[in-house]
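With the first letter of the sequence shown counted as 1, position 223 gets the number 1077 in my numbering; the numbers rise by one all the way through.
By construction, these hints were calculated from the structure, which means they are not laboratory data. Built from N, CA and C at the ideal position, the CB exists for glycine as well. Heads up, none of these hints are tricks.
Label pairs and their in silico Cβ distance ranges:
#, residue 1, residue 2, range
1, ARG1075, VAL1250, 16 to 24 Å
2, PRO1040, ALA1127, 23 to 31 Å
3, THR899, PHE923, 28 to 36 Å
4, LEU919, LEU957, 18 to 26 Å
5, VAL1154, ARG1077, 29 to 37 Å
6, LEU919, ASP1106, 30 to 38 Å
7, ARG1075, SER1167, 49 to 57 Å
8, VAL1016, SER956, 25 to 33 Å
9, ALA1042, LEU1071, 31 to 39 Å
10, ALA1042, VAL1154, 40 to 48 Å
11, GLY932, GLY1233, 42 to 50 Å
12, ALA955, VAL1243, 34 to 42 Å
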Amino acid sequence: MSRFQPSAGGLAALGVLAFCFVLNALARGAGETYAVFLLPIGEETGWHRGDLTSVYSLYMAANGLASPFVGLAFDRFGPRVLYVFGLVSLGGGFMLAGSMASLWEMYLSVGLMGGLGIASLGMIPASALISRWFDRRLATAMAVASTGLGTGTLVLVPLAQVLIDAEGWRTAYLWIGAVIAAVAVPIALLPWGRITSGAVAERPAAEKVPAAHPGVLRAVRGRPFWALFFVFFLTAVAIYSVSLQSVAYLVDQGFSPLEAAGAFGFTGVLSIAGMLVTGIAADRYGNRVTATVSYACSFVGVVALFAMQAVPSFALVVVFVIFFGVSMGARGPIVSTVAATLFAGRGLGTIYGTITTGQGLGAAVGSWIAGFLHDLTGGYDAGFLMSSVFIGLAVVLFWTVPELVARRSRPA
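All chains, full assembly: derive it from the sequences and hints.
Here's what the structure looks like:
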C-alpha cells in the first residue's frame, strides 16, 4: 500500500480508500448478479430475452441519469445521506424483486431502485472522497477503489448462483437485499466529519485544492468533458453488450449454470489486477498506451467467445476470462483520474457524476440492443460484432483528444 503515497493523513487516507473499495464492491457486485438471474427468471416467467435485458438497461440508465444528481447530493448534503440512501434503495429493491409478479415490478425494483442505489454507492462519491486524501499516485488510488467492481463480481455472482440453486431466485434476491439494507445502520454511525475533511487542510497553502470549481455548466462547454463522457459511453456499449449475456451464452454452449457463473465471477478476480495495473501504468506510461492495450484485451476476449461456437473448447473460456477480465473496468481509473485533475475542487462530485451519465447510458444501450439482436437473430454474433465496433471507436478517442493523454492538466 505504500506505493499509493497518500499526501497526508497516512492511515486515515488508506482507511477512506478501503471504505470506498468495500462499498463499490458491494454495489457493483450486486448489480452484476443480474447475469445469473437472467435464465431462471426467464424460465419461470416465459419473458423474452429482450424483456429481461430491458430491465438491466433501465437499471443502467437509472444509474447513469441519476449520476449528476448523486454528485450534486454529495456536494450539498455529504456522503452520509448519500450512502445510507443508496444502501436502502438497492437493498429494498432487491427484496421487492423477490416477490414481484409482473415485468413492471421488475422495472421498479431491480431497474429503478437498483440503479439509483448503485449510483449512490459507487465511484462518484468515492472519486470525490479519494481526491481529497490522495495527491501523488492518484490514478493508482482510483484504481484500487475501482477494483471493487471485480471483487464484488467475484464474491456475489457465484454466491447468488449458489443461493438460486439452493433456494430459488426469489429467495436469493430476498437474502441479498436484506444484507445490503442492513449495512446502512453501521454506515450511518461513521465519523463522517473526519472522513470528508480530507488532507487538504494539512497541505501547504500553495498545494491546496481549489475550494470550488466554476461548475458543471462551464465544464460541459469544454471538449475534455465530452471526451470523458464518450469514453465512458462507447466503452460501456462495448462491454455490456457482451458481459450481461455471457453467463447465458456459456450455458448455451454446454456449461452448467454454476460453471458459467464461476467463469463470469472469475473475470472479477482478473479485473482487480487489471484495474490496479491500469492505474500504475497510466501514472508511468500515460493514458494512451495503457488504454489501447486494455481495449485490445477486451477485443481478444470477445473474439474468444465468438470462436467458441466453431471450436468448443475450455481453452477459449480461459482466454475469454483472462483477457476480458483484465480489461473489465480498466478504463474507469483513467477517466476518474483525468476528471479529478481537470475539474479539481468541491464541485468535482457533480461534474464527475455528470460524466458518469455516459457510462450508464452506454450500458443501457449496449445491453438492450444486444438482447434485441439475440431475439431478432436467435444468436449472439450480432452482439459480438457491435461490441468490437464500439471498442474501436473508443480507442480512436484516446488517439485524437489531447486532454485524455495529458499526465497533468490544468483546471478548465
